[in-house]
Each structure stands twice: as structure tokens, then as C-alpha cells.
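Using UniProt numbering, read the sequence shown as starting at 1 and increasing by one per residue.
If you're looking for bench data, these hints aren't it; they were derived computationally from the structure. Some clues are possibly wrong.
[Claimed, not checked] SDA-like cross-link-like pairs, simulated, lysine to any residue; straight-line CA separation at most 20 Å: (1) K8 x R37; (2) K51 x K8; (3) K8 x E40; (4) K51 x T73; (5) K8 x V19; (6) K51 x E91; (7) K8 x N39; (8) K51 x E40; (9) K51 x P72; (10) K8 x A70; (11) K51 x N39; (12) K51 x A70; (13) K51 x E61; (14) K51 x P14; (15) K51 x F38; (16) K51 x C10; (17) K51 x S25; (18) K51 x R87; (19) K8 x L36; (20) K8 x F38; (21) K8 x T20; (22) K51 x P76; (23) K51 x R37; (24) K51 x S81; (25) K51 x R62; (26) K51 x N74; (27) K51 x L41; (28) K51 x T20.
[As the list claims (entries may be wrong)] Using C-beta positions, here's what the derived DEER-type ranges look like: (29) N4 x R62: 19 to 27 Å; (30) D115 x E61: 35 to 43 Å; (31) I97 x P14: 18 to 26 Å; (32) F6 x Q71: 37 to 45 Å; (33) D33 x S54: 14 to 22 Å; (34) R43 x Q111: 41 to 49 Å; (35) V78 x A116: 44 to 52 Å.
Cβ atoms here follow ideal geometry from the backbone N, Cα and C, with glycine treated the same way.
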Amino acid sequence: MEFNVFAKACPSRPTLEHVTGRWGSLTMSALLDGPLRFNELRRRVDGVSEKMLSQTLHALERDGLVHRDAQPTNPPRVDYSLTPLGRETAERVLALILLLEERMPEVLEAQRAYDAR
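Hey, can you work out the whole structure from these sequences and the hints?
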């Protein structure tokens, strides 16, 4: 089967959205350092709501990018980690994030020039 993300009906499109959306990319990048519990992840990804983080993790887990490990303890303990596919994907996303951080002075200057028109 061949995939083309530019085609409207391609099943890769929702996965691309999950990975490249603000919360998906930040969540996956945060997990590159190792497994995290839900609240640890929420603190690491500043600004994400509990609901949005939960939805993001469910989507990434469904896509095979994140693994959810629920421990049968009291209280329950749930750790999230990257799958091998998730790690490979997150490393590429992190490269984009680092590029953007490095080039932000140019982006800000371009925005100022645009807004001054």
C-alpha cells in the first residue's frame, strides 16, 4: 500500500497532525528523556491542560508512538514512554524544534517586518 500525505483520504494525515500539532510534538519530545508519569509530563509540557494531554496521549498511543504502562498498584501508577517508532519520530521532531529555537531571532525579525507593512 502506498501512502501520500497530500491526498485528502490518506490515513497518514491524522497521524501527521498528531505528531506535528503543538501538544503532540512537545509531548513526544519530552518523552525522549525517558518514561514519565502523567503529572510529570504535564509539568514538563508547560501550558497543556489535563484534558488536552490525555487526548494527545491517547492519539499517540493509538498511532503506536507512545506506550502506556499501567501498574496494578494502589494508587495506580501509569508511565508513558516512546515506542521505537515514537523515538525515531520524536528525534526528528526535536531536530525541527531545535532549529526553530536557534533561528527564532530571524523569525521574530521577519514578523516585525511583516507587521510594519
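Hint by hint, here is what the structure shows:
no. : hint                   : verdict
1   : K8 x R37               : 35 Å, violated
2   : K51 x K8               : 28 Å, violated
3   : K8 x E40               : 36 Å, violated
4   : K51 x T73              : 23 Å, violated
5   : K8 x V19               : 17 Å, holds
6   : K51 x E91              : 25 Å, violated
7   : K8 x N39               : 36 Å, violated
8   : K51 x E40              : 15 Å, holds
9   : K51 x P72              : 23 Å, violated
10  : K8 x A70               : 36 Å, violated
11  : K51 x N39              : 12 Å, holds
12  : K51 x A70              : 19 Å, holds
13  : K51 x E61              : 15 Å, holds
14  : K51 x P14              : 19 Å, holds
15  : K51 x F38              : 11 Å, holds
16  : K51 x C10              : 27 Å, violated
17  : K51 x S25              : 16 Å, holds
18  : K51 x R87              : 24 Å, violated
19  : K8 x L36               : 35 Å, violated
20  : K8 x F38               : 33 Å, violated
21  : K8 x T20               : 17 Å, holds
22  : K51 x P76              : 19 Å, holds
23  : K51 x R37              : 15 Å, holds
24  : K51 x S81              : 19 Å, holds
25  : K51 x R62              : 17 Å, holds
26  : K51 x N74              : 23 Å, violated
27  : K51 x L41              : 13 Å, holds
28  : K51 x T20              : 18 Å, holds
29  : N4 x R62: 19 to 27 Å   : 21 Å, holds
30  : D115 x E61: 35 to 43 Å : 40 Å, holds
31  : I97 x P14: 18 to 26 Å  : 21 Å, holds
32  : F6 x Q71: 37 to 45 Å   : 42 Å, holds
33  : D33 x S54: 14 to 22 Å  : 21 Å, holds
34  : R43 x Q111: 41 to 49 Å : 29 Å, violated
35  : V78 x A116: 44 to 52 Å : 49 Å, holds
Going down the numbered hints, you'll see the structure goes against 1, 2, 3, 4, 6, 7, 9, 10, 16, 18, 19, 20, 26, 34, while the others check out.
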